[in-house]
Structures are given as structure tokens and as C-alpha cells.
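Those protein sequence lines, which keep their order, are chains A and B. Read in order, the letters of the first sequence correspond to residues 1 to 664 in the numbering used here. Read in order, the letters of the second sequence correspond to residues 1001 to 1055 in the numbering used here.
Hints listed in this document are in silico derivations from the structure and should not be mistaken for laboratory results. Warning: the hint list may mix true and false statements.
[What the hints assert, rightly or not] For lysine-lysine, the following DSSO-like pairs were computed, each having C-alpha atoms within a straight-line distance of at most 27 angstroms: (1) Lys-29/A <-> Lys-664/A; (2) Lys-1054/B <-> Lys-174/A; (3) Lys-221/A <-> Lys-389/A; (4) Lys-1021/B <-> Lys-466/A; (5) Lys-480/A <-> Lys-1004/B; (6) Lys-1054/B <-> Lys-480/A; (7) Lys-1009/B <-> Lys-174/A; (8) Lys-276/A <-> Lys-187/A; (9) Lys-443/A <-> Lys-429/A; (10) Lys-1021/B <-> Lys-199/A; (11) Lys-574/A <-> Lys-1024/B; (12) Lys-1014/B <-> Lys-174/A; (13) Lys-199/A <-> Lys-1004/B; (14) Lys-174/A <-> Lys-1010/B; (15) Lys-1054/B <-> Lys-574/A; (16) Lys-1024/B <-> Lys-69/A; (17) Lys-1009/B <-> Lys-1024/B; (18) Lys-127/A <-> Lys-276/A; (19) Lys-1024/B <-> Lys-1004/B; (20) Lys-187/A <-> Lys-1014/B; (21) Lys-1024/B <-> Lys-89/A; (22) Lys-1009/B <-> Lys-474/A; (23) Lys-1010/B <-> Lys-199/A; (24) Lys-194/A <-> Lys-474/A; (25) Lys-1014/B <-> Lys-480/A; (26) Lys-480/A <-> Lys-1024/B; (27) Lys-443/A <-> Lys-1024/B; (28) Lys-474/A <-> Lys-1054/B; (29) Lys-24/A <-> Lys-641/A; (30) Lys-480/A <-> Lys-1009/B; (31) Lys-1024/B <-> Lys-94/A; (32) Lys-443/A <-> Lys-466/A; (33) Lys-1024/B <-> Lys-127/A; (34) Lys-1005/B <-> Lys-574/A; (35) Lys-431/A <-> Lys-262/A; (36) Lys-1005/B <-> Lys-466/A; (37) Lys-480/A <-> Lys-1010/B; (38) Lys-199/A <-> Lys-93/A; (39) Lys-1024/B <-> Lys-251/A.
Note that the structure is a prediction, hence the values are computed from the model and not measured.
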Amino acid sequence: MLLDSMTIQNFRQFYGEQNIFFAKPDGAKNITIIHGENGSGKTALLNAFSWCFYGETTFQNSQLLLNEKKLLELEVDNTADVSVIIRFKDRGKKYTVTRIQTYQKTKDSPLIINEYFNLEYIDESGKSIKTTNPQRIIEQIMPRTMSSYFFFDGERIDNLSKNERAKDVQLAIKTIMGLEMMDRAKKHLEQVQKRFRSKLQSFSGPETQLIIENLNNIEEKIKERQDEIVQIEKNQSSLNNHIFQIDQRLKQLEGAKELQEKREFLESSRKEINEKIDEIKRQLVNIISDHGYLAYSDAAIRKTKEILEQKRQKGEIPSGIKEQFVQDLLARGQCICGETLTPGSRHYHEVEQWLERAGSKELEDTFINTFAKISTLEQKREQLFIDIKRLVNDQMILSQRLREIIQQIEEIGDEFERGSEEIGDLERKRKELSTEYDTLHQKIGSLHEQIRQMNAEKQQIEAELKKAQTLDEKARIAKKRMDACGLAIEVIDQILLLQSEYVRGRLQERIGEVYSKLLRKGYTVELDESYSINVYKPFGEGRRAVDMSTGERQVTSLSFLGALVDIAREQAEKSKASDLFQGGIIPIVMDSPFGSLDPDHQSRIAEGIPSLAHQIVVMVSSSQYAGIESKITPFVGKEYKLNYFDPRLNESITHEFTAIEEVK
Amino acid sequence: MENKKDMIKKLFEKQPIEVQKIVKEVVQLENEHLHEPRPRLTDDIERIVINIVKD
């Protein structure tokens, strides 16, 4: 998505029609800067994006969108439009999104008498298309959950670095990197595969029909459980939000603030230890699956060694006399004692008998190899026990630490319950919600296990179906097509997995690079397997998770967004039309990104912003702009000023309003 | 990281030609018809498979 322009009309502070043409990402001047005094309409502009795309705003007080000056000018029963039109390009298409609300003035509050939402686009061939479902198309280009990260209030962006946002982050990655397209291709192929399976069923004998029926049943059961998980996760997320709000409230209350902060620190340590324990468990599983057999190989190793030792002691292996040596004597016709060896003679016969007792080269080599392998196995077996002991020991230490932390967390909870009435009530509610959350968590675990078992069963049935003989010609071709769909789905699955790993790896690299430019402290940032963003600081010889300030979280989130947008751009620039992944261009629109930052970080962010994305729109207060102007000016392609007209300063102005002025 | 890209390429190339064609054409169709209603797309994909996988 590359923003072209925005036209707003009578939207909140903005009177009449106003236009903004965004800086194109040509050369270095990729920033559109919009500055104005506090209250002049910067946040309203940000809301204009979310209103136009999703019909949503985040205004705290009045929900009325119609400009007040316009409303005052209207006669009763007359109407006026509020509109926002955004024009942008995406993957070769030019889009125009229009949202209009028509207000009618009444003697009381104005009424919304009409609403209009439209999306038109011009495709690659120049054909203009009007869509019937504009919201779905907007969601495909920029999902609502993701939009708040690319059109954001700088002072509230910090939540991206919180773990509960990991799902949104995953979705952002999928959409931006074009993985969503592969996902959809896979889903459609699954539907088509089912169609061929249904054809196969109708042309097959009773045996194959039964297999397909079983397959359909198991798929239905799996889907039921998956749907249940989605529902439970929604409930969990709502519980989590509720707990988060209680925590925030506790932090505001005198007598609870410090303890709550301590609890948050302990919770973060608990999470970290749990992750370490999980990692140890993973390592144990890997070691045991790779080398576990050695634990039971002691008797076999001992017995083999005994047999070899006996043979060696008896002189059977390795033999003192080599087979080749005896053959050489017989060929030469003379023994080492000087006796002539004539075929058929007694001496010849005696020497010849040594051939049976002499060791062959192959046998000797095998003996030496077996002995070496047995020794390696013994060493590996010894190492296996050392590794297991070490890991189990580490796990015990961590589990002990975990128990201590849990106990401290519980003690804090008990102390809260004994606190003032409000604190006690909040804590009891929190405990109730946490218990409910844990119950749901267990339920999800149980459903996942059921799905895992059912998937194993499904695989067996699919294997049966693959082997099923088809006599009918129509059944045979349906089966061939069904199998081809199955293989294509498997390929897409594997490609998706590899591409996700690639993107995660690249993100990790880029976040680190961007982060080090933006943050002054020597922190390191990591993206874990679930795409949670974790920040660490050096601690002794190791490291420790950082309890970040709002400003630090803001920088972390910006680094992530910058890295994500950059990788998508890299992909878009490199990819050919035939590539499976196209990448894309994403703008970043931010309101007050400098608010929570100290001057040093403000300056770092100002320097780092131009490289965050292909196209950037920054809205800042006049005072903030004065502080960063010299840093940011070289990258500014378009500059706008929000002129606030104040009736207190000019009597000819009947009511306050804002007009947008381009600064040339 | 480039290694993963190579792995994707190799994985794709070792598939039977008809499977490669199905994956490419289906993903291309999804790209082209980003905004089309879904049921029609399923019909199109069925036709792609029928055209590629013959007797």
C-alpha cells in the first residue's frame, strides 16, 4: 500500500474540504510531516484513516464527526456531509476508498440520515472496478487488527512489545509477506480435494466408500474442536484484557503500586523460567530420541566385547598368521624353514592347512572396526548419562526457583486481599479471572491433544485410501486428481513453514540492526518462536529480561515495525511476477511518536525514522517539531501545517476550526 | 537465511511437474483474484486441476 492522497471534508476540526498529498518514496525524501499546535487536529487526522477504512474512531469525548462550525452554519432540517476519501496503490492496483456520513440539523442533536462506503479500483489493465464488498477488500489489504500498528498513536504503540500481542504480530507477518495468499490457496485446494474425493466415493465400491466416510467423519470432528479452540481463545483474550486492566488499576492505587510492579517483574521471571524449562524438556526429548537406545545397550556391548576378547585370546582374531602370507609360501614353493613345498607332498599339505586357521583381511578389518565402534558406543553411552544428569539437574534448580517465585506471587496476592476494600476486591476478581483463564488453558491443551490423536488417525485413513484399488475409470481419474491436490497441499505446507522460518530469521536480524540504532542502551532484542518480542540486558555473564519503560517499549515496537516493513519491501523489490511470495509496500503513519521519549531518544528516532519504511507520515506538535526539525528536514518530501483558527484571537471567526496548509 | 530460500526452491523443483503447475497456477489465481468471491475461485481451481491432471 502506497498512499497517494487524502481528502477530508467537515471531519471534526477540519472545516470544508482539505487535501493532503503524501510524499512519494522517491529518493531520500520519503516523509510527509504534518505539524500543528496541540488540539489542532493531528489525532483527528489519524482517526480519519481508521474511520475511512474501518468506520472506527477512538475519540474519547464527543462521537460527533461533523465539524462544529459547519453544524452552526446549517439551518434546521438542512444537511451536510462528512467525508474522507483515501487514494492509494497496492500490488499494481489503484484504489479509491470513500466514506461519507450525511448529517441533518435538528432542533436537538444532529441526526445521521445516510451513510455511504465505497471502494473502487483500477486494475493493471486500466479497467475500473466498483466492488460490492469494500470492507472485505480493505481487510485483505490491511486487516483491521494490523492497522493499529501501521496507523498508530506513537504514545500507545508500546503494546506491540507485549507478549499478548504475538497473535496480531503473526497475522501482520503473514499478510505483509504474502503468506496469507498461500494460506488461501491451501484452503481452496482442500475444498477442491474434497470434491474429487466425493467423486471418487460415488464411483467406487463399498470398501472405498467406507474409508471416505470415515475420513469425512474424522475431519468433521477435527473441525469442531478447532472451532472450539478459536472460541475459547477469544474468551481467554477477553479475560486477559480484564486482568490487564485490573493490573493497571492496581498500579495507580496508593499501597498497591510497588507490590503490583514487583508482581509484574516476578510474572516476567516466571515466564522466562518456564521457557527455559520447556527448552530443557525439548533437549531431553531430542537426546532421548536420538541416543536413548544406548541406555539399554550395556548388556549387548558387554557380551560383544566378551566374545571378541575370547576369540582374541584363543588367537582366532586377530590371527598371528595372515592368509596372504601362507599363500605366498605355497606359491613360492618354499617354507620359511627352508623345506621345499611341492604340491601333494606332506610338507605342502601341512603348510596348506594353515590357510584355514589364518585370518583373512576382511575378517581382521571387521574385527578392528567392530572394536572401535564398541568403544565409541561406550563413550556415547557415558555422555548420554552425563547430559541427562546435567539437564535433569538444571531442570530441578529451575523448578525450585519457579516454586519460590510462584510462592512470592501468591504472597503478593494474599497481601492485596488483606489491603483496602478496593484493592482486596480487585485482587479477588483477579484471582477468579486467573483461575478461569487457567481452566480454559487446560481445556485448550486437552483439545489440542484430541486433535493430535485424530490427525494421526486421519493420516492412517488417508494412507488406506491411497492404497485403495479403483477399478472404475472415473474413480481412477478422480483419485489421481485428489492425490495431486493432496501433494500440492503438502508442498504448500512445507513452503509456508520454510518461508515463515526465513521471515522470522530475517526479522530477527533486521530488528537487531534497527534497534541498536534507535536505543541507546546495550539491550538485545529477540523474536521467539511464537513471534513474541523479548528484550534482554547483560546480567553478569548471562542476560536478563528487561522490564521496559514506556519509551523503551515504544522504541522496541518501532524497531519491529521498521524491520517488518523493510523485509516486505525487500521481497517486493526482488520478486519476479512468477514468484510465490510477492512482499509489498507498507506505509507507516504515526501520531506523536516522540511523546514519551527523552531528548536523546527523540533525536535517535528522528534520525532513524526515514529508514523505517518506504513511505512515512509523521504528525507532531509544533514544539516537538522544533526539537527534531534539523534532523528530519533532509528526508521531508511534503510538509503540512495545521492552522488553528481561534475566535478568541480574531473576532471575524465565528467558531474554531482547522485548515491544512501545505508548506512549500 | 538464503539457505532457506534455496530449500524452498529445491523442495518445489523436486515435485512432479503437475504438482508444481497446480501450486503455481493456484497461487497466481489467488493473487489475481484477490477480491473475487471465494466459491467461484474454488470452481476455477477445480478446473486448473482437471486441466493439469489428465489420464
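Results of checking the hints against the structure:
no.: 1; hint: Lys-29/A <-> Lys-664/A; in the structure: holds, 14 angstroms
no.: 2; hint: Lys-1054/B <-> Lys-174/A; in the structure: violated, 34 angstroms
no.: 3; hint: Lys-221/A <-> Lys-389/A; in the structure: violated, 42 angstroms
no.: 4; hint: Lys-1021/B <-> Lys-466/A; in the structure: holds, 22 angstroms
no.: 5; hint: Lys-480/A <-> Lys-1004/B; in the structure: violated, 31 angstroms
no.: 6; hint: Lys-1054/B <-> Lys-480/A; in the structure: holds, 9 angstroms
no.: 7; hint: Lys-1009/B <-> Lys-174/A; in the structure: holds, 20 angstroms
no.: 8; hint: Lys-276/A <-> Lys-187/A; in the structure: violated, 36 angstroms
no.: 9; hint: Lys-443/A <-> Lys-429/A; in the structure: holds, 21 angstroms
no.: 10; hint: Lys-1021/B <-> Lys-199/A; in the structure: holds, 22 angstroms
no.: 11; hint: Lys-574/A <-> Lys-1024/B; in the structure: holds, 18 angstroms
no.: 12; hint: Lys-1014/B <-> Lys-174/A; in the structure: holds, 25 angstroms
no.: 13; hint: Lys-199/A <-> Lys-1004/B; in the structure: violated, 38 angstroms
no.: 14; hint: Lys-174/A <-> Lys-1010/B; in the structure: holds, 22 angstroms
no.: 15; hint: Lys-1054/B <-> Lys-574/A; in the structure: violated, 35 angstroms
no.: 16; hint: Lys-1024/B <-> Lys-69/A; in the structure: violated, 56 angstroms
no.: 17; hint: Lys-1009/B <-> Lys-1024/B; in the structure: holds, 13 angstroms
no.: 18; hint: Lys-127/A <-> Lys-276/A; in the structure: violated, 56 angstroms
no.: 19; hint: Lys-1024/B <-> Lys-1004/B; in the structure: holds, 19 angstroms
no.: 20; hint: Lys-187/A <-> Lys-1014/B; in the structure: holds, 23 angstroms
no.: 21; hint: Lys-1024/B <-> Lys-89/A; in the structure: holds, 25 angstroms
no.: 22; hint: Lys-1009/B <-> Lys-474/A; in the structure: violated, 34 angstroms
no.: 23; hint: Lys-1010/B <-> Lys-199/A; in the structure: violated, 33 angstroms
no.: 24; hint: Lys-194/A <-> Lys-474/A; in the structure: holds, 16 angstroms
no.: 25; hint: Lys-1014/B <-> Lys-480/A; in the structure: holds, 19 angstroms
no.: 26; hint: Lys-480/A <-> Lys-1024/B; in the structure: holds, 19 angstroms
no.: 27; hint: Lys-443/A <-> Lys-1024/B; in the structure: violated, 39 angstroms
no.: 28; hint: Lys-474/A <-> Lys-1054/B; in the structure: holds, 11 angstroms
no.: 29; hint: Lys-24/A <-> Lys-641/A; in the structure: holds, 18 angstroms
no.: 30; hint: Lys-480/A <-> Lys-1009/B; in the structure: holds, 25 angstroms
no.: 31; hint: Lys-1024/B <-> Lys-94/A; in the structure: holds, 25 angstroms
no.: 32; hint: Lys-443/A <-> Lys-466/A; in the structure: violated, 34 angstroms
no.: 33; hint: Lys-1024/B <-> Lys-127/A; in the structure: holds, 25 angstroms
no.: 34; hint: Lys-1005/B <-> Lys-574/A; in the structure: holds, 13 angstroms
no.: 35; hint: Lys-431/A <-> Lys-262/A; in the structure: holds, 17 angstroms
no.: 36; hint: Lys-1005/B <-> Lys-466/A; in the structure: violated, 31 angstroms
no.: 37; hint: Lys-480/A <-> Lys-1010/B; in the structure: holds, 24 angstroms
no.: 38; hint: Lys-199/A <-> Lys-93/A; in the structure: violated, 39 angstroms
no.: 39; hint: Lys-1024/B <-> Lys-251/A; in the structure: violated, 54 angstroms
Figure legend: structure checked against the earlier numbered hints; hints not met, in rising order: 2, 3, 5, 8, 13, 15, 16, 18, 22, 23, 27, 32, 36, 38, 39.
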